[in-house]
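Number of protein chains: 2
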Amino acid sequence: MKKAKHDRILLAHGGGGQLMDELIRNLILPKLKNDVLAELGDSAKLNLASGSVCFTTDSYVVKPLFFNGGDIGKLAVCGTINDLAVAGSKPIAMALSLIIEEGFEIKLLEKILDSISEQARLNNVDVVTGDMKTVEAGAADKIFINTAGLGVKLPNVDLGMKNIAVGDKIIINGTIGDHGMTIISQRKDIKFQSSLKSDCACLASLTCQLLQNITGIKFMRDPTRGGLAATLNEISRDSALSIEVREADIPIKAVVQTAADMLGFDVLNIANEGKFVAVVSPESADDCLNICRKHPLGKDAKIIGEIVQTHDVPTVELITKISGRRIIQMPYGRELPRIC
Amino acid sequence: MKKAKHDRILLAHGGGGQLMDELIRNLILPKLKNDVLAELGDSAKLNLASGSVCFTTDSYVVKPLFFNGGDIGKLAVCGTINDLAVAGSKPIAMALSLIIEEGFEIKLLEKILDSISEQARLNNVDVVTGDMKTVEAGAADKIFINTAGLGVKLPNVDLGMKNIAVGDKIIINGTIGDHGMTIISQRKDIKFQSSLKSDCACLASLTCQLLQNITGIKFMRDPTRGGLAATLNEISRDSALSIEVREADIPIKAVVQTAADMLGFDVLNIANEGKFVAVVSPESADDCLNICRKHPLGKDAKIIGEIVQTHDVPTVELITKISGRRIIQMPYGRELPRIC
Numbered sequence: 141m142k143k144a145k146h147d148r149i150l151l152a153h154g155g156g157g158q159l160m161d162e163l164i165r166n167l168i169l170p171k172l173k174n175d176v177l178a179e180l181g182d183s184a185k186l187n188l189a190s191g192s193v194c195f196t197t198d199s200y201v202v203k204p205l206f207f208n209g210g211d212i213g214k215l216a217v218c219g220t221i222n223d224l225a226v227a228g229s230k231p232i233a234m235a236l237s238l239i240i241e242e243g244f245e246i247k248l249l250e251k252i253l254d255s256i257s258e259q260a261r262l263n264n265v266d267v268v269t270g271d272m273k274t275v276e277a278g279a280a281d282k283i284f285i286n287t288a289g290l291g292v293k294l295p296n297v298d299l300g301m302k303n304i305a306v307g308d309k310i311i312i313n314g315t316i317g318d319h320g321m322t323i324i325s326q327r328k329d330i331k332f333q334s335s336l337k338s339d340c341a342c343l344a345s346l347t348c349q350l351l352q353n354i355t356g357i358k359f360m361r362d363p364t365r366g367g368l369a370a371t372l373n374e375i376s377r378d379s380a381l382s383i384e385v386r387e388a389d390i391p392i393k394a395v396v397q398t399a400a401d402m403l404g405f406d407v408l409n410i411a412n413e414g415k416f417v418a419v420v421s422p423e424s425a426d427d428c429l430n431i432c433r434k435h436p437l438g439k440d441a442k443i444i445g446e447i448v449q450t451h452d453v454p455t456v457e458l459i460t461k462i463s464g465r466r467i468i469q470m471p472y473g474r475e476l477p478r479i480c
Numbered sequence: 141m142k143k144a145k146h147d148r149i150l151l152a153h154g155g156g157g158q159l160m161d162e163l164i165r166n167l168i169l170p171k172l173k174n175d176v177l178a179e180l181g182d183s184a185k186l187n188l189a190s191g192s193v194c195f196t197t198d199s200y201v202v203k204p205l206f207f208n209g210g211d212i213g214k215l216a217v218c219g220t221i222n223d224l225a226v227a228g229s230k231p232i233a234m235a236l237s238l239i240i241e242e243g244f245e246i247k248l249l250e251k252i253l254d255s256i257s258e259q260a261r262l263n264n265v266d267v268v269t270g271d272m273k274t275v276e277a278g279a280a281d282k283i284f285i286n287t288a289g290l291g292v293k294l295p296n297v298d299l300g301m302k303n304i305a306v307g308d309k310i311i312i313n314g315t316i317g318d319h320g321m322t323i324i325s326q327r328k329d330i331k332f333q334s335s336l337k338s339d340c341a342c343l344a345s346l347t348c349q350l351l352q353n354i355t356g357i358k359f360m361r362d363p364t365r366g367g368l369a370a371t372l373n374e375i376s377r378d379s380a381l382s383i384e385v386r387e388a389d390i391p392i393k394a395v396v397q398t399a400a401d402m403l404g405f406d407v408l409n410i411a412n413e414g415k416f417v418a419v420v421s422p423e424s425a426d427d428c429l430n431i432c433r434k435h436p437l438g439k440d441a442k443i444i445g446e447i448v449q450t451h452d453v454p455t456v457e458l459i460t461k462i463s464g465r466r467i468i469q470m471p472y473g474r475e476l477p478r479i480c
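Protein sequence lines, in the order shown, are assigned to chains C and F. So the mapping is simple: my numbering equals the position in the first sequence, first residue as 1, plus 140. So the mapping is simple: my numbering equals the position in the second sequence, first residue as 1, plus 140.
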């Protein structure tokens with residue numbers, strides 16, 4: 141690989157000329173190499189197994205860029221793969237778009253590209269097309285990443301809120317709050333020492349295994365921004381059914397709970413980046429749990445509650461450890477900016 | 141449509157909670173409405189006519205956001221549609237991702253969404269999935285937009301550099317430099333009065349008509365950043381053939397030429413946002429020109445040059461108006477930051 145001529149990103153790196161071409165050919169292409177990307181066409185040309193596809197996009201503005209358990213690059217790939225995975229598809233291809241502030245260190249860009257490359261490779265997803273823009277110093281905070289993704293729908297899988305019925309079980313594949321609490325613990329103005337680690341991970345290998353082996357999965361969603369509280373409220377609202385979850389069954393690491401208590405956050409509202417919530421028929425729940433628990437990303441999986449009859453309006457209720465009840469509300473939105 | 145509660149974007153609008161949900165449901169969904177988007181799933185589920193698809197992404201950081209002939213929203217839709225169009229596909233669906241600075245006026249966001257909606261509708265492309273992130277005041281310059289696009293490949297169309305041969309004609313569908321010179325003329329530090337207007341336009345209706353009617357089209361590309369100079373150099377380098385273009389045949393508006401001369405720019409390096417360069421077999425060139433000239437986006441189309449034998453290394457040469465010759469080089473990249 142030819143060494144880049146510069147240590148930092150210049151505005152001219154986004155100008156569509158020689159400098160951009162060099163950066164793409166010497167730094168980006170070698171890290172993400174695949175035949176489709178190598179053509180550097182205006183669009184990637186793909187021959188998918190079927191025209192039944194899932195398509196998603198997410199921009200990432202996480203601060204700090206590097207955190208325990210991941211970085212903005214890993215987060216971008218996992219976030220997009222997870223959106224495709226919980227929609228019932230096998231992720232195939234990604235588009236990568238970078239907005240970089242003038243002066244950003246090229247060695248940090250390399251680290252981020254290494255993460256992107258590693259996650260893409262581990263998940264058999266190719267980065268097939270991309271874009272890079274530069275903005276003046278002060279016009280963006282270091283680097284923002286957008287990833288769009290394409291997946292091919294798994295045959296005979298039709299996930300949707302419409303499938304959800306009273307009695308269905310709610311399963312989560314592991315502990316909640318790890319990502320959000322890790323990010324907040326590493327912010328400049330708060331920073332504290334802890335063993336907090338983001339759960340940032342790509343879920344497709346687990347979701348595909350589940351969906352190919354279990355017919356009773358009705359719906360899946362990854363509880364990212366807004367946390368488990370937002371996802372449960374969305375499920376309740378859109379299915380028009382109520383939900384009961386048991387506090388004692390929701391897996392939370394002690395260090396996450398302690399950090400949240402200390403800072404005054406409700407762990408239910410905190411973002412996750414390697415979790416899914418699945419709504420599963422009661423007959424399939426144990427099989428689902430068994431498959432999860434044999435997978436590294438599902439070893440702490442639990443049935444945390446059920447879909448129940450709505451009496452007045454659809455609500456999400458928590459049965460507390462001392463058998464009290466409280467409503468879990470849709471979070472307002474101001475908990476944690478720039479968590480992903 | 142329910143009125144938004146706030147005049148400006150708050151950080152909490154990106155928090156994944158109630159506020160974000162309200163903004164999406166009350167402002168964004170009504171403007172972009174279609175059945176797939178309305179599901180607000182983690183991914184859009186699409187049934188395409190075929191698995192042979194084109195996939196592209198671009199981020200937009202243009203400054204100013206609003207300019208004569210368009211705005212960042214129109215630019216984002218057209219840019220993505222054009223990348224799909226010149227790759228030989230019919231654009232079908234788009235993903236829209238917004239990164240918004242805290243404090244951005246919601247009425248400006250509405251204007252931008254109106255442009256996106258209008259261009260999407262005019263081009264029969266649905267915005268099927270999206271994302272929104274907010275960052276603190278000062279962490280981004282107002283709003284950045286990413287659009288990813290999906291197109292279905294036109295049957296029996298196989299565009300590629302490999303098809304290009306000596307004797308092929310080079311066609312452009314109209315005047316060059318309009319977009320870039322318009323943007324630069326409206327920058328705060330330069331601002332001058334003129335009749336400059338961006339050529340920002342979606343080319344798919346014209347490219348699809350051409351590709352469905354003419355078999356001799358070998359390759360197409362839209363000369364955006366780096367202008368005609370960059371595109372011709374890419375074609376020459378990747379086909380390993382030389383190119384000759386005639387200065388007298390390159391359509392340039394007098395006002396664009398004057399502005400470029402005044403500010404010291406070479407119009408060949410200036411970005412276009414509603415142009416394609418097509419490499420066409422000599423037998424098909426006139427038919428191609430005829431179709432172009434009957435279309436509003438091709439009325440100034442011209443054959444500007446030819447693919448010629450390479451002698452030493454592949455070069456792009458300009459035959460000047462006084463029959464001199466000069467090499468058109470790949471621009472370095474520093475001409476115009478944030479042009480798109």
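Any given hint could be a false lead.
When chains are identical, the list treats them as one kind, so a pair holds in a single copy or across two.
[Unchecked claim] Listed next, the in silico DMTMM-like pairs over lysine to aspartate or glutamate satisfying Cα-Cα at most 25 Å (straight line):
hint, residue 1, residue 2
1, K145, E374
2, K393, E245
3, K282, D378
4, K247, E258
5, K173, E162
6, K171, E384
7, K171, D389
8, K302, E179
9, K173, E457
10, K145, D298
11, K171, D147
12, K331, E245
13, K393, E258
The set of hints was computed from the structure by calculation and includes no laboratory data.
Results of checking the hints against the structure:
In this homomeric assembly, K145 and E374 come within 25 Å of each other (Cα to Cα) only across copies, at 21 Å, whereas the closest approach inside a single copy is 50 Å. Taking CA atoms no more than 25 Å apart as the test, K393 paired with E245 passes in neither setting, with 35 Å inside one copy and 40 Å between copies. Proximity of K282 and D378 under a CA criterion of 25 Å is satisfied in neither setting, with 38 Å inside one chain copy and 33 Å between copies. Taking CA atoms no more than 25 Å apart as the test, K247 paired with E258 passes inside one copy only; the shortest distance there is 16 Å, against 41 Å between copies.
For the homomeric pair K173 and E162, the shortest alpha-carbon distance inside one copy (15 Å) is at most 25 Å, but the shortest distance between copies (41 Å) is not. For the homomeric pair K171 and E384, neither the shortest alpha-carbon distance inside one copy (46 Å) nor that between copies (35 Å) is at most 25 Å. For the homomeric pair K171 and D389, neither the shortest alpha-carbon distance inside one copy (42 Å) nor that between copies (42 Å) is at most 25 Å. When the C-alpha separation of K302 and E179 is checked against a cutoff of 25 Å, the pair qualifies only between copies, where the shortest distance is 11 Å, while the shortest distance within a copy is 42 Å.
Within a single copy, K173 and E457 get their C-alpha atoms no closer than 48 Å, and across copies no closer than 32 Å, so neither meets the 25 Å cut-off. For a Cα distance limit of 25 Å, the shortest separation of K145 from D298 qualifies neither inside one copy, at 51 Å, nor across copies, at 37 Å. Within a single copy, K171 and D147 get their C-alpha atoms as close as 18 Å, which meets the 25 Å cut-off; across copies the closest is 43 Å, which misses it. Taking CA atoms no more than 25 Å apart as the test, K331 paired with E245 passes inside one copy only; the shortest distance there is 23 Å, against 32 Å between copies.
When the C-alpha separation of K393 and E258 is checked against a cutoff of 25 Å, the pair qualifies neither within a copy, at 27 Å, nor between copies, at 49 Å.
Hint compliance for this structure: hints 2, 3, 6, 7, 9, 10 and 13 are not met, and every other hint is.
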